[in-house]
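Q: Chains as they are written, first to last, in this note's numbering: chain A, 1 to 225; chain B, 1 to 225; chain C, 1 to 225; chain D, 1 to 225; chain E, 1 to 225; chain F, 1 to 225; chain G, 1 to 225; chain H, 1 to 225.
Treat the hints as calculated values from the structure; they're not laboratory data.
No residue lacks a Cβ here, since even glycine has one placed at the ideal position from N, Cα and C.
Some hints here could point you the wrong way.
[Said to hold, decoys possible] With the C-beta cut set under 7 Å, the calculated list includes, among others, these residues of chain H facing chain D: (1) Met153; (2) Leu189; (3) Ala193; (4) Ala196.
There are 8 protein chains.
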Amino acid sequence: MTGDAVDLGFARVDIAREARQGLPEVVYGTGKTAAEIVSIVRTLLRHNEGPVLVTRVGDETAAAVQAEVPDGRFDSPARLLVWRPAAPVGFGVVVAAAGTADQPVAREAAAIATAVGLTVTVVTDVGVAGLHRLLAEQDRLRAADTVIVVAGMEGALASAVGGLVACPVVAVPTSTGYGAGLEGVTALLAMHASCAAGITVVNIDSGFGAAMAAFRLSRVVAGRA
Amino acid sequence: MTGDAVDLGFARVDIAREARQGLPEVVYGTGKTAAEIVSIVRTLLRHNEGPVLVTRVGDETAAAVQAEVPDGRFDSPARLLVWRPAAPVGFGVVVAAAGTADQPVAREAAAIATAVGLTVTVVTDVGVAGLHRLLAEQDRLRAADTVIVVAGMEGALASAVGGLVACPVVAVPTSTGYGAGLEGVTALLAMHASCAAGITVVNIDSGFGAAMAAFRLSRVVAGRA
Amino acid sequence: MTGDAVDLGFARVDIAREARQGLPEVVYGTGKTAAEIVSIVRTLLRHNEGPVLVTRVGDETAAAVQAEVPDGRFDSPARLLVWRPAAPVGFGVVVAAAGTADQPVAREAAAIATAVGLTVTVVTDVGVAGLHRLLAEQDRLRAADTVIVVAGMEGALASAVGGLVACPVVAVPTSTGYGAGLEGVTALLAMHASCAAGITVVNIDSGFGAAMAAFRLSRVVAGRA
Amino acid sequence: MTGDAVDLGFARVDIAREARQGLPEVVYGTGKTAAEIVSIVRTLLRHNEGPVLVTRVGDETAAAVQAEVPDGRFDSPARLLVWRPAAPVGFGVVVAAAGTADQPVAREAAAIATAVGLTVTVVTDVGVAGLHRLLAEQDRLRAADTVIVVAGMEGALASAVGGLVACPVVAVPTSTGYGAGLEGVTALLAMHASCAAGITVVNIDSGFGAAMAAFRLSRVVAGRA
Amino acid sequence: MTGDAVDLGFARVDIAREARQGLPEVVYGTGKTAAEIVSIVRTLLRHNEGPVLVTRVGDETAAAVQAEVPDGRFDSPARLLVWRPAAPVGFGVVVAAAGTADQPVAREAAAIATAVGLTVTVVTDVGVAGLHRLLAEQDRLRAADTVIVVAGMEGALASAVGGLVACPVVAVPTSTGYGAGLEGVTALLAMHASCAAGITVVNIDSGFGAAMAAFRLSRVVAGRA
Amino acid sequence: MTGDAVDLGFARVDIAREARQGLPEVVYGTGKTAAEIVSIVRTLLRHNEGPVLVTRVGDETAAAVQAEVPDGRFDSPARLLVWRPAAPVGFGVVVAAAGTADQPVAREAAAIATAVGLTVTVVTDVGVAGLHRLLAEQDRLRAADTVIVVAGMEGALASAVGGLVACPVVAVPTSTGYGAGLEGVTALLAMHASCAAGITVVNIDSGFGAAMAAFRLSRVVAGRA
Amino acid sequence: MTGDAVDLGFARVDIAREARQGLPEVVYGTGKTAAEIVSIVRTLLRHNEGPVLVTRVGDETAAAVQAEVPDGRFDSPARLLVWRPAAPVGFGVVVAAAGTADQPVAREAAAIATAVGLTVTVVTDVGVAGLHRLLAEQDRLRAADTVIVVAGMEGALASAVGGLVACPVVAVPTSTGYGAGLEGVTALLAMHASCAAGITVVNIDSGFGAAMAAFRLSRVVAGRA
Amino acid sequence: MTGDAVDLGFARVDIAREARQGLPEVVYGTGKTAAEIVSIVRTLLRHNEGPVLVTRVGDETAAAVQAEVPDGRFDSPARLLVWRPAAPVGFGVVVAAAGTADQPVAREAAAIATAVGLTVTVVTDVGVAGLHRLLAEQDRLRAADTVIVVAGMEGALASAVGGLVACPVVAVPTSTGYGAGLEGVTALLAMHASCAAGITVVNIDSGFGAAMAAFRLSRVVAGRA
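Between the sequences and the hints, there should be enough to build the whole structure, so can you do that?
A: Here it is as C-alpha cells:
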C-alpha cells in the first residue's frame, strides 16, 4: 500500500475515493478475471465502508467470485455484482426504456441505482411510435425525482419525456437496431440535438453512467435534508 | 433540337419527360441566372402541356423571370416559381413541421405539392417535446392520404407521426439547429433508424423531394379512379 | 393485461395497434428466444384478427416456434414466419434487386409484402452496369403500383428506376460489397443524393421497412375503392 | 388563440408550458426578427407569470426589442434578453470554463441560470494543462450544488472536475479550437468517453442546455424544501 | 537556380519534370497572385519546351497575367490559362457530364485534355435518371479511347457508362447537390463501390486529375505507334 | 434462357457481356457455394469463348469446383480460379506493393491481370519509408505500360510512383494496418488527395478492380496495333 | 493578482508557468483584440523573464500592439509577434514543407522555433511526387536534431522523411488541397498510419505545436550539456 | 540477396536499415507464421549487429520461434520477442498509463523502449478523474527525459501531463472503452486538440510508435555526449 492506493500488481486500487469524493466504488468488470475481481473487491470491502459494485460481469465469472467473497448478490440480466448495498435514501428514479431491446441497459441502470440507495421504477415499451403507451405513464414519470430514458435507434423518447416532466432527464443512447443507427452513435447525436430543453446525455449503453448521474443528484438532495 | 432534347447551349432541356414518364417538369434554380431560367421555362412551356416549376429562386431572380415570362406566380417564402399549376386531383397531404425553423422547407414542400395538384394542409410547431400539440392534430393527420413530416434537430417527429397514422409518411430532415445536429445528417440518420414501421425519408432540406414523392403516390390513386 | 398491453414479463405486447392504427403486427425476431416468440405470437393471435409476422428468424428458431404454434408458415430465405396471411388487396409491387448479393433483402421485402396482401413480382440482376437488362424489364416496372429497389454498393439502381417510372419508388440500400461501400452507408447517402425526383429511402437492409411503406400506400388506394 | 397556443402567423406560441410543465419560457433568438421577438415576448408576458428569456440575440436586435417591450434587461456577452427574472431559489451553480475562448458559452450558461433563479459563480482559465489553477478552486467547486463545465478542444476538464466533486456535473463541449477539434465534436465525444463516473453532457456550445439542466436539478431540491 | 529548380523566393519551380518524367507542366492557380503566376510561367516557358498550363484562375487574374506574358489563351468557364498547347496526338476522349451543375468540372477536364493534345468531345445531361439520353450517346461513348465521367450527387453515371464501354473510364465525383451529397464525398465513395468492373476514380471536382490520367494513357498509345 | 441471360434460379447469368462489351467474365466468389459456382462457370464456358474467372475463392471451395469443372487452374494466394486464360497481348503491368501485408491484394491483381492476357511483374516491399528500395526499381517501373500500386496504411507509395513514371498509375488502397488507418479508408482518401498528377484509384482491397482497369487500358493499345 | 495569476477581467494570465514548468509564454492571438493582447503581453513581460510570443496575429492588430508595447518584432507571413527572443541553444531544426501551399504553416513553425532559441533551416517543395528534390536534401535532413515535416493533401512526406533520418520527426498535417483532403483530416490520419517507425504528429495547421514539441526536445539535450 | 535486401519469397528483408538509418530492426508479427518469423529473425541476426525485435506475437507463436532461434526472450504481456537487447544508453522514459485497460499498450511501449536501450519506469492508474494520484507522481514525471502517456476513452491524461512537465510528451491513444470512444479515434482526436503545448501523438494502440519516438530522441542526446 502506497498512500491512498493498494497495489495488487495488475491494478492499483484507490481505497480513499469513497472518503475523499463520496462516490461509491464501482469496478468495471469487462476484461478482468474472476481472481482479479476477487482481489479488488476484497481490498475495497476491507478499506471502505459503503457499497462495492462490479459491472458487466458474466454468469460464470459471477459465480466464481461469489464462491470466494461471501455476501455478494448477483443480478444476472443487469450483469451486476453487489456487496453492502446502500439503504434507501428516499430519492425516486424512473427508468423508461423505449423498446424490448433496450432492456439490458435499463436493467443495468436500475440495478446500480438501487444498489446505491435510490428507489427505482422501471417502465418499458414506451417508444414514441406508440405515444398512447407513453402518455399512460405520465403520472409515474412526473412523480419521479429523475427520469433515466433508455433508447436506441433514433432515441426520440428522450425528447418526448423531456417535454412531459420538469425534473432532470438523463438520456442513455443504446446500440440497438442496425444500419443507420450506427451502433448507437445516431441516438447519441439525436439526443443532443433534442428540441427538449435541459435534458442531458451519457455514453452509449452506459446504464452505469446514468445511475451515477442520478446518484450525484440524490446527494445534493440528501445534503439539504 | 436533337431528338427529345432542346440544346440551349448552357443546358440540354428534356422536353419529353412529361409525356414519357408522367412527372411534371421541375427546374432546380440554384446557380442559374434569370436569363437561363427564362430560356428553360419558355422551352418547357412550348413543348409540354403540364405545370412548369422552378425551385430555390430568390426574390430578385424571380422578378426578372416574371418580367419576361408572363403568367408565372412566385411564392417567396417557398422560393418557388410556377406556371400552369395543375388542377386539384383530390389527394390530401398534411405537411407537419416540428418547429419554426423548419418552416422554409415545409413551405417548399407545400407549395410544390399544391402546384402539382395535391390538396395541402400545413400543421406547425408540433415537435415531440410538446406532445399535447401533436396529439391535438391527430384527426387532421389521420384524414390525410399522405403526411410529410419536416423536422430537424433529432427528427423525432417522424417516429411519432409514423405511430399515429397508417397512411404513407415521408420524412424530410432539415439542417436546422447546431452542434450535434451536424447540418441535418443526425436527423436523416435518426429518421432511418426510426422505430415506426414503413416511414420513408428524402434528402436533407428537400421539400421538393417530399412533394414529388407525394405526387407519385397520388398518381397510383388517380390511376385507380 | 393493463389497458392495451399484455405484460409477458420480458415484453409488454401492444394488442391494440391493429385496431388503433390499422397496421399489421410484425415482431422483430433478432435477439428473441423461441419461447419468447411463441408467447408473443400467441398473444397477438388471440387478441388481434389480422396477420402476425416475425422477421429475421433463423431456421432452428423457426422450427421450434412452428412446433408450438400451429399454422405458421416459414420462408427460410426471407427469414420470415407468418400466421394468417392477408388476402390479396390488388396492389402490385415490383421488387427490383440490383445483384445476387442483394437477394436476401429483396426476399424479405417480397415475403412481407405478400403476407400483408400485396401482389409481388421480383426482378433480379438489373444493376445499372448492365442497362440492357434493366431496360428489358421496363414494362413490368411501369405496370407496378410501387417499385421497391434493393441495391448495395453505389445504389445507382434507385436513380435509374426513378427515371423510368412515375409510381412511388422505395429504395432499400443494402450492406453488400466491401471497402468504400461502408456497410451500406454509401448506398444510403447516394440514394438520398439521387438525381431522380421523388424517390424515398428506408434503412439499410430493411426489406421490412420497404414492404411496410408499400403497405401504407396500398391502404390509401384501398380506402378509395 | 386555439387551445394552449397563440398563433402569431409566423409561429404558434405555447402559452401553457409554464403551467403544464413548470419550465420557464425561453425563446431561441437565432433567425428571428426584432418584430417577431417582440410579438412572442409580449404574448408570453401576457399569458404567463414567470421569467421570459430570449437567447442568442445580437446587440442591434436587442436594442430594437427593448425599445418596444419595457423592463427587459440585456446581457450583451451572453446575448441574452430577460424579463421578470426569477428570485433566487438557493441553489448554487459553479460554471467552470477551461479557457478564454470558452467564455461566451460560459456567459450564456451563467446568465440563463441566474435569470431562472440559481446562484452562479464563474471560474475561468482552469483547463487541465494547468492543474494547479484547477486545484486552487477545489473548495468552490465542492461547495456547489451543481458544476457546469464548459470546455472545447479535448474537453478534458469535465473528467478532472468529475473526479473532484460528488455533485452533478453537466459538461458543455464548445466549438473552440481548430483542426482535430472538429468544431466541438471531438470534445462532445471525449466528454462522453470520460473516465469520471456520472457526468452528463449537453449539445455543443449549449450554455442554454446546461443552465436548464441545472434548473431541472434545482426543482428537485426545491420540491423537498 | 539550384540543380533542377529555380528558386523564385515564394516557390521553387521544378524545370526538369518535363524532361525527367514526360508530363506537361501544370500550375495550380488557387492562392497565387498574378505576379507569382507570371514569374512561374515565365520560368517554365524559358526552361521547358512543352505546354504550360495554369488551372483554377479567375477572370481578373487571368487578364493580369495575359497582359504580362504574351500568347497565353484563357478559357474562362474552365478557368484555364494555356501557353504552347500541344498538337493533337490522335487520342479521343469523351467527357460525359451527368447534369448542368457538373459542367464547370467537365469544362476543366476538357480544356486541359485538349491543351495537352487529346481530342475531346463533351456530352452533357446524361444522368442515369434519364437513361434514354445516355443510351442515345452509346456510339460516341464506344468510339472513345477513354471516357471521363463527371457526376455529383449519387455519381451513378460512372457505373452506367462502365457497363456500356470497354475502354478506360475515369470518374470525377463533383461537389454539386446538397445534404446527403456531403460535398462530393458521397459520389466519391459511390463511384468506388460501383458494380462496374475496372472504372477508376480521381479526387472530388478534379477535372485536372481526370485529364492527366487520360494523358498518361495517351502516352502509352503514342509510345506504341 | 430469356434473351441474353440464363436463369439458374439463384442468379441470372449474363452470357452476352463478352460479345456486347468486350470484357472477360469475372464471377465474385464471396458468398457463393461450390455448387453455385459450378453452375455459373459451366454456363459461361458454354456460351462464351474467352476467359472465365472466379475471385475470392477459398481452398476448399476451389477444390470442389475443380473436381466438377475440368481444366480450371487455382491460384491459392490470389484466391483465383481461371479457365481458358487469355494469350498474352503484349501489355506490361508492374504491380508494386508497399509492404508484406499488402501482398494478398497484389497477388489478386497480378493473377487476374495475367489471366486476361497482360504481362505482369510484381515488385514488393517498396514502401516510401525505404525510398532507396523504391528507387532501385525505377527502371522496371518506367518500362511498364501501367503501374498498379498496392498500399495500405497511409498509401503514400501512389504519390511517389506517380512522380516517377509517366504511364497510367492505378492505386489500390488496402485495409492493412490498424487504428488511424480506418480499415483502408485513410489510404483511399490519401491516394485521392495525392500531390501526383493523374493517378487514379479503385476500391479498398480491390486487386480485381485494378487488374480490370489495366485490362481496359490494354484494349486501347490493342485496338491501335 | 491572486496567487500565480493576474486577473485582467477578460482573462486570468498565468505568470508562473515559465518558472514552474519551464516553457516560454505563447499567447494564442485568434479572437483577441489589440487592447487585450497589449494587456496580456505587458503582464507577461513584467512578471516573467523569457520570450513572450503572440501567434496568429494579423497585420493591423500587430501594428496596433507594436505601437503600445515597444521592442516587439512582427513576422507577417508567420503571423507572429515576439518580445525578448531567446538566445540560440544550439539545437538544429529542419522544417521541410511539401508544397507551396504549406508555407504559411511552415513559416509559423520556423518563426516560433527560432524565437524560443532553436536554429532553423527551411526546406520547401520537397513533396514525394518529386523524390529527387527530397533526396537532394538528404544531407541537410540527416544533420538535423529534429525534422518538422509540414504537408497537406496525402501527407506522405512524413513517411518518406521518417525513413531517411534517425532523429525525431514531428509531422504537421495541413488543411491545404480540396475534396478528399477533408480540410487536413486525411493528412492527419495518414501521418498516423505511416509505415515509418516513431514519427509523431501534432494538430492540423499547428506550426506552433510542432515548434513547441521541438523545444521540448531541445530542453532534454540542453539539460545534458 | 539483391543489394540491400534478402528475398525470402514471402518478404524481402531490408538488412541495411540498421547501418543506413540507425534504427533497430522491428518486425511486425501480426499475420506472420512462426516459420516466417524464424526466417526473418535469422536473416536479421546474421546481417545486422543490433537488437532484433518482433512485436504483437502470441504465446504459441513465440514458443515455436524460441524453439528454433536461440537466445530470444519473450515478454508475454507485451507480446514482444527480443534478441540482442541493447545496453542502457542512460535515457529515462516514464510510461504513464491512465487506467488498467491501457496496460497492454503501456507494456508494449515499455518493453520495446527497454529493448532498445532506454531506462523505463511505468506509472499506472493515473487518469485525470483521480488527480491526486497523478500529482503524487509529479516528481517521477519531471525527472524523465521523455514521458509516454497511454490513455483511451477521452485521452485527457496527455493534456494534464503536458502541463506538468517540460520534457517531450508522446501520447498514445488506446482503443479501450466503448460507445463514444469510437475504438480510440476519440482519444486520438482529443489528444491532438489538447490545450497543452507541444505534445505529440502516435497511432492508436501503438506502444511501438511511442517507444521508437523516444528512441529517436535518445539518439540525439547520445550524439551530443
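Q: Given leucine 189 (chain H) as an interface hint, is the shortest Cβ-Cβ distance to chain D below 7 Å?
A: Because about 4 Å separates leucine 189 (chain H) from the closest Cβ in chain D, which is inside the 7 Å limit, the hint holds.
Q: Hint check: is the beta carbon of alanine 196 (chain H) less than 7 Å from a beta carbon of chain D?
A: holds, 4 Å
Q: Could you check if alanine 193 (chain H) really has its C-beta closer than 7 Å to a C-beta on chain D?
A: holds, 4 Å
Q: Take the shortest C-beta to C-beta distance between methionine 153 (chain H) and chain D; is it under 7 Å?
A: holds, 4 Å
The structure shown violates none of the earlier numbered hints.
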